[in-house]
Structures are given as structure tokens and as C-alpha cells.
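Residue numbers (my numbering), protein chains in the order written: chain D, 25 to 394; chain F, 142 to 525; chain C, 88 to 317.
None of these hints come from the bench; they were simulated from the model.
Backbone N, C-alpha and C fix where the C-beta goes; we use that ideal spot for every residue, glycine too.
Be a bit skeptical, because a hint or two may be false.
[To be verified] One side of the interface only, derived from the structure: several residues of chain F facing chain D at Cβ under 10 Å:
id, residue
1, I180
2, R210
3, Y239
4, I389
5, T430
6, L499
7, D519
[Said to hold, decoys possible] Straight-line distance between alpha carbons at most 35 Å, and here's what the computed DSBU-like set of lysine-lysine pairs gives:
id, chain 1, residue 1, chain 2, residue 2
8, C, K207, D, K63
9, F, K514, C, K219
10, D, K237, C, K219
11, D, K83, C, K158
[Claimed, not checked] Over the 10 Å line for every Cβ pair with chain D, so calculated as not near, a few chain F residues:
id, residue
12, Y218
13, V286
14, P503
15, I517
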Amino acid sequence: MIFHPGVLALVTGSVIVLVMTLFSVILALRIIIGWDITKSTARQLILERQTYLVAVIMKYVMGFQILSLFLFIYTADDIHQLFVGAMCATGSLNANPIGWPVLFTKIVIFFLCCLWLAINHIDELAEDYPLVRFKYKYLAAITPVIALETYWQLDYFLGLRANVITSCCSSLFSDEGVTVASSLASVPVDTAMYIFYITAAIEIALLSALLLKKTASPRLRYISGVSSFIFFIVSIMSIIAFVSIYYYETPVHHCPFDILQRQYMFIGYPLYGSLFGGVVFGLAAAVTEPFRKIASIRPAIDHIQRRWTKISIVLIIVFIIIATWPVIFSNFKAYDGVLKPPTGGTGVKGDYPPSSLIFYCCVKEKSCVS
Amino acid sequence: MKGHGRIIEYALSTLARRKFKNFSVAAVFSVLIAVLSSILFLMHAYKTETLKLLDNSPEIILQNMSGGRHELIPTEYIGTLSGIAGVGQITPRYWGYYYDSLTSANYTLMAFDETMRDVKPIDGRMPAADGECAVGRGVADLRQVGIKDDIFLTLGTEQNVNLKIVGTFTANSAILTNDLVVLTKADLIKFFNMPADKATDITIEVNNPAEVSMVARKIRRTFPDSRPILKNELLRTYDNIFNWRGGIVLIMFFGAIAAFMIFVWDKATGINAEERQEIGILKAIGWETSDVLQLKFWEGVVVSLSSFLTGLILAYMHVFYFHAQFLAPVLKGWSVLFPKFEPMPYIDIYQIFVLFFLTVVPYVAACVVPSWKAAISDPDSVMR
Amino acid sequence: MDAVIRTEGVSKVFNAGLAGEIRAVSGVSIEILRGQITVLKGPSGSGKTTLLGLIGCMSRPTEGKIFVEGKDVAKLPERFLTTVRRKTFGFIFQHFNLIRGLTVRENVMLPLYPTEIDGKQMERRMEEILEKLELTAKRGVNVGKLSGGQQQRVAIARAMINEPAVILADEPTAHLDTKLSEDFLNIVTALNMDGKTIVIATHDPLIYDKPYIDHVIEMRDGAVREAARL
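The following block holds chain D by itself, in its conformation from the complex:
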């Protein structure tokens, strides 16, 4: 299994990144111990210069995590052939219980790295580097997560055995199962849409409220941070619950990965890109709030929080537009009038003979088979 070129690429990349991170942690620890901004000794100068190296490495690590997230999904998609019942990336991820945790960890690391860079950015704006110890402790704290991800990923690929019977996306994301994913898929389209648009409205409202006054109240900041997080979760669920089926124009095809493919015009990239970007900026603006207590960086934070909030709003609106686009403009209707299901029904569920449609999804959908 390990000899698949994509797997080799992922494992090598992760190991390189882990080594680089460990190296920067060593630097970070030296900085934590030796840092004294009041001294202009040669040693302090060296430490100061090492902060540049750590920052550069973390930027690369973040860039790598984004790419590796996509490569991981692609690779899972490419190897589905090896597993009985797997028709796309979802099947491959199911083939080894560690598959999904690897994907989630990659996403978590992406967020952690982005937030580290946000804090680093703010720290570098103040002449006295007020957050220097904090940010390197934070860095040391996320390193185990990166190590864990490298290990799990290796474990995942080593543990893959061809022939493992796994479920394809349409059984995982079909409306008959009992998994979390399938219960998502079985949420009636209209309910899912209500939840999504209400959450989105709250998120946009909160972010806009932050911009009303020159300095927003800390409580509002924290609330909007939580709201960004919730919005992220709800959005991912909504992509599975209804955005996907509108893009695929197939009532039971809920796969969150296929939209990254060519036959859907790569629409998944702007979709996920704007979502991740919007949420990261929203979170960053909230996470930096506690540092406003420090006088030397307060003006810088005020300025930057505003900018990040604005970027967050723009990206989230872009995301909502992309997610809503097919609902309005595609010829496909999840049901004749999504919001007004036919008599007795609450949505898609039960109105189609499920087994034949699962079959349709897996066998006829090019994305699944090819």
C-alpha cells in the first residue's frame, strides 16, 4: 500500500514537515529560555534573528498543510479501487478506522497554524515583542498534534489492506444508515437549509456588529469567535446535507469530496477556500482579543481586528453565494419545491426507492466510478 506514489508523497512531505517543526520547537524553547528584550547582547540578537526562521518555517508548514489536505483527499480518491465497495475517497477513508481522524487532524492543524501566524503577526508589530513567550509555548503545544498527524497518516496507509470491504459515499452519506454522516444526509433538505441560513445570518450579523463601533466590546468578539466556529461546523454539514446534492443534481449523492473534481468545474476549491478563509479570519480576530490588554500592541490589534473582520465577512459572503448558487439557478430541484415537500413527506427521505438510487449514484455517476 505504502508504495502508491501519492502515499509516498504524503508520507515524505509529512515527515519533512515534522522534522522542520521539531527544529523550530528547539529554537522556540531556546527563545523561551533565553529571551530578554532589555539586553542587547549578541545572544539576544541571535534569538531575535531565530524568530524569523521559526516564522518562515511555520508559514511553510501552513502552506504544506493546505496542500496536503487536498493531496490526502485526492489520494484517498485514487486508491478507492483497491477496496471492495469503495467508489470514491469516502470509501477509502472508511477502509481504515483511522482515516477520518487523519483528515480531521489535518484540518485542525491548518487552523492551529493559521492562528499561530496571526498571533505572530501581531507580536511582530510591537517593538517589545510582548507575546514572544506565549507564541512559542503555543508552538510547542501544537507540535504533538503535527507529530500525531504524521503518525496517524502513516498508520492509516500502512493499515490499509486491499479487499477490505468498505462503504462507498452513497452508503455512508445515504439516508438509510445510522452513522453521523448518514444522519446528516437524511436531514431533510429544507430543515438543513433553514439551519444553514439562520446560522449564516447570525454570523454575518455578529461580524458586522463588530465593525459598527471603532472598538468592539470584548464579549462581542468572543461570541463572534464561537459563532465562526459553529458556522464552520454547520457549513460543512450543510455541504453534505444539501449543497452537494444541488451541485451533483442527484438527490442522494452527498459526497463532500466529489465537488473538487473536474466534472463539477472544481467548484469545491472556491467553496472550501472561501469557507476556510472566512472562518480563519473570523477566529483570528477573536483569538487575538485577550492581547488587547497589552498596551504596546493595542492600537495594532484594533486596526488588524477590523481588517480581519472585514476579510472574514467578504469571504463568508462569497461562500454563501457559491453554496446558494445552484439552489437558485440549477435545473435540479431536490424535490418539486424544496421548501414545500409533497403531502406527508418532510423532504427527500422516503420519497425515492433508496436502494436503486444508491446504485445509481455509485455505478452511473462518473465521479464515483472513475
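Position chains F and C relative to chain D; hints supplied.
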């Protein structure tokens, strides 16, 4: 943003000024990428070709086993098989291997049947009457024969046939048809001296693909000494084999990648006096460490991306226009009759992505520390 | 007149605590007044170049305070030190330190590359300065092909591109003959007329004997031996 743009411009001009040094790095990198890409392209082409052909193969191939070995299968099984629910068309197949001492090569002899009618593209046609045959390109080349020529196969005084070639398989499907000789069922049975009530194996279509494994289980229960081979299993096996071969070759090239990283490290660390002086000047006249880091970053981006593109284009031409002449001898070699492979050109984003990961990521990693070392030089170094 | 730069007991120690410890500058307290021409005079090894680097925010002192436009920069991290240097100082180096292979205009604009200044504005500034220094005709020429005097004028142009308040020159006449040295001094006095503060570190008597020098600071073994306002 304006500053950013000018730093990129300056990075380009710096690269241009040190043409020789940068060119040598880029050249080595390009060749490395070209080799890696050739391997992946070729493996992928082999794989797709095989899988494409398997696409047309039946859902289940049923073999008879005796003493753990493949044995001829009684055709009377067909009656029982057609009674199993969900089973579609059942076809007995007649085929075998023939070692041709004249050319020291193994041929695959196969009897023509209905299922092959529209499967394989050919020049000429399939054999219609006894004494006719269609041959793969490899066989035709080895024997130096073409359409309308005769081909003589012999297993001894009793078992021999003289066949008239009425068709050849084209190169597009070479990977599976290269060593193939298709003849009529009667000729084949006569040639291999097979009993009249036995076939080599039986192919079974299954109407609903979802029921394949269930049908296979039923068959095993009915005929305990039979072995149903599922198409899915075949696909997986081939997939695995090709990934494995590609992976092994890649592993071998890991050494090359490591060597290259050291080379890059060395080039980047051992900056000459002139370069050091230049960075010193930049620092002295007001460039900040992060500006120099940015400069180095863009230099790296330009070198690695241009090498990457060059490498990809070289590999593409090598594999698709020159039929992987340099690589094919390494990767094949399991048979004299390995097909002369002319893969269909394709571009696969996933593969490019994988290649990017295997080459550019290590390159970037190797560059980080050296460029940082260069960037932190003292601003007042030029005053000393 | 106010002080653009003021130092209080500034010292710079290289290889502190090691066998080869060097005290390049030791307990220097000076004031550089706005709009004046100041000369740091002394034999080589007397610490004038190091002191010039310190007040020019090239490096940080080991001890003491340095006020640039009233702001103490002695403890500033390099990142911010660079910002101060970029805003306040223009440097003319002993060896000119031009980048070979680049044209005159590229060399002159180089300090502004990483800044957010508008491209057109940058070009305009460059053209103005080149004209002042009679380099307009040479703007597209590779600096390697210029004579020593021309190279120095390019170096001066580069020092002026960020419109600094203070121009620092380190042994500017060391590689020039008398004629060219006179030319250099003419340019410097013209700059001074325009309101620039000038600091020159030199041991060339041709310079510190000139009548228009406002302030001479004589250094010996890293310390100020004598300061005279003329």
C-alpha cells in the same frame, strides 16, 4: 503589495545575473523531475490501458481447480450455472499458452467467441473460418509476418496448425494483445488436444453488479472445487501491482532526491563572497531581514517552478512522443514479447500534484535554513 | 538648534566574554545638531566607523542610549531599527558598495524596493536626484562601467533616494584623488545647504580642515578625545 512586486522583480533580475549557478541547479532539478515524472506517467499509462481493457472483461471468470492448480473446466457446469438467480450470459472460453521455440517467446492462444466481437480494435478482421487467425503486433513483428501471410505453430507431429493471418491488433491495445493469437475454437481444441467436453474457463455476466459477490458465493457452494475470479479483484490486483512497481522505482529514486537536497543545501549555503556582499549591501541600505527572506523565497519559487515545468515537459515528450525509450527497458523486461507501448497522451492533475509534492516540497525544505542564514547577515558587515 | 542624534555613554563590545573581546566604542556621549556638518576624526581602529554604524541604527550598542529624533533606539529589535534607519539615514560607504551588474537607476532605487512607495513617485525622485548629480545620461549604464567618481555619485544618489534627514559617510574620500574629493565635498556642502545633517567619519585632513565643517569629534581608542564646535 507594491514592495512585494518589486522584490519579485528583483529576484528575477538576481537570478538572471547569476545565470550559471542557477542554471546548474535548475538543470539538475529538471532532470530529476523528468525522470520521476516519466516513471509515474508510464506507470499510469500502463495501468489505465490495462484497466481499460479489463473494463470489458466479464464480471466473473470461473476456473476449475484440481490439486490447487488450474484445471480444464467441464462445459456441463454451464447448465447448472444458468440456474443461479442473477446470472446473465455464460460463455465458455478456450485458450492456452504456447511456447514458440523458433522465436523463444510465449504466445497466448485464444479461441474466438462472441464476447470478443467488439472488444478489441484490429486491422483486418477476426478469424471467421478454420485456418484463419488474428495476431498481436508483437507476434507479427517477431515472426515478421503481416496480413495474408501464413503462420505455423507446432507442438509436435500431431498438434500443429498452419494459419492464415486475417487481422492484426493495433498498437493502442498492445499491452494485452501483444502476444495474442486468436484462432477458431476448432483449431484451438485441435492444437491443444483438448477434450471436447471441457473448456479453459467460463465467463459469467451478472445482471446487477451489486450482486456479483453473492453470485460468486453461490457458485462456490455449488462447485466447491471451482474458483470464481471477480473482475473487481482483478482490477484491484492490477492496480496494486502497478502502484507497487511505480512505488519501488520511486523508492529507488529517493536516493536521488536526497542527493539533490544535499546539493541544493550546499549550493544555497555556500553562497560566494559576491552574493554575501550583495545581501550585506541590501541590508545596509535599508532592507529588512524579512525582505531578504522574501527575495530568497521568490528566487526559490522561480527556480523550482521553472524546473518543475521543464521536467514535466521533458517527461511528457519522453513518454508520449519517444515511447519512454530510456525508461521502458528498466520497467518491463518480464517478457520477450513486452509490447512496444505507445501510450495515449494525457494530463492528470493528481499526478502533477504528487510530483510537486515529491520534488518541490523537499527542495523548499532544503532551502529554508540556508536562505535564512543569508538573510540575517549583519547590516554593518559592509562597513567593516 | 536641536539634536538629531544624541548618545549617552554608548559602548560597543565585540565578542563579549570571549578571549578576543574588543571594546570598539566605549562610553561615548555626543550630540549631532540638525543642519550641521559633523566630522568624526581619528586614526583607523579608533572606533569611528563603529560609532557611525551605531548612530546610523546599523547595530545596537552593548551599553548606553542612543536617541534618534528623540526616540531611544538602543534596545529596539532589528526589525524596527531598520525602519528607523530607512526613514532617517542615508549611507555613503567607503567602498561605495554598489551592486555590480545593475544599472545606475536600479542601484539608486534599490533602497525603496521593499517599501510601499508608489512606483511612479520612486522614478520621479530618482530622476530628480540623478539630474542634481549630473548622472542623468548614465542612468541606464551598468555601474561596473563607471569611473570611481561617478560610482561615488551613484552611491550618494542612493543615499538620498529615501529623502533622509541625516546623511552618514564612512571614509568617503579614501578611494578618491584630490580633485574628486573636492567634488565630493562640493556635493556634500550643497546637500547641507538643502538642510541635510551630515556626519562624516574620516581621517583625511582635506576634509576636517575645511571652513564649513561645524563640528569635529576626535576619537582615539573608542572614546572621544576632543570635541570642538567650530
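Here is how each hint holds up against the structure:
1. I180: 8 Å, holds
2. R210: 23 Å, violated
3. Y239: 32 Å, violated
4. I389: The hint holds - F:I389 has a Cβ within 10 Å of chain D, the shortest such distance being about 6 Å.
5. T430: This interface hint holds because 5 Å falls under the 10 Å limit.
6. L499: 5 Å, holds
7. D519: 9 Å, holds
8. C:K207 to D:K63: Distance of about 42 Å is beyond 35 Å: violated.
9. F:K514 to C:K219: 39 Å, violated
10. D:K237 to C:K219: Judged against 35 Å, a Cα distance of about 50 Å means the pair is violated.
11. D:K83 to C:K158: Status holds; Cα separation ~33 Å.
12. Y218: Holds, since 25 Å exceeds 10 Å.
13. V286: It holds; F:V286 is separated from chain D by about 38 Å at its closest Cβ, greater than 10 Å.
14. P503: 6 Å, violated
15. I517: 4 Å, violated
Hint check: violations occur at hints 2, 3, 8, 9, 10, 14, 15; the rest are consistent with the structure.
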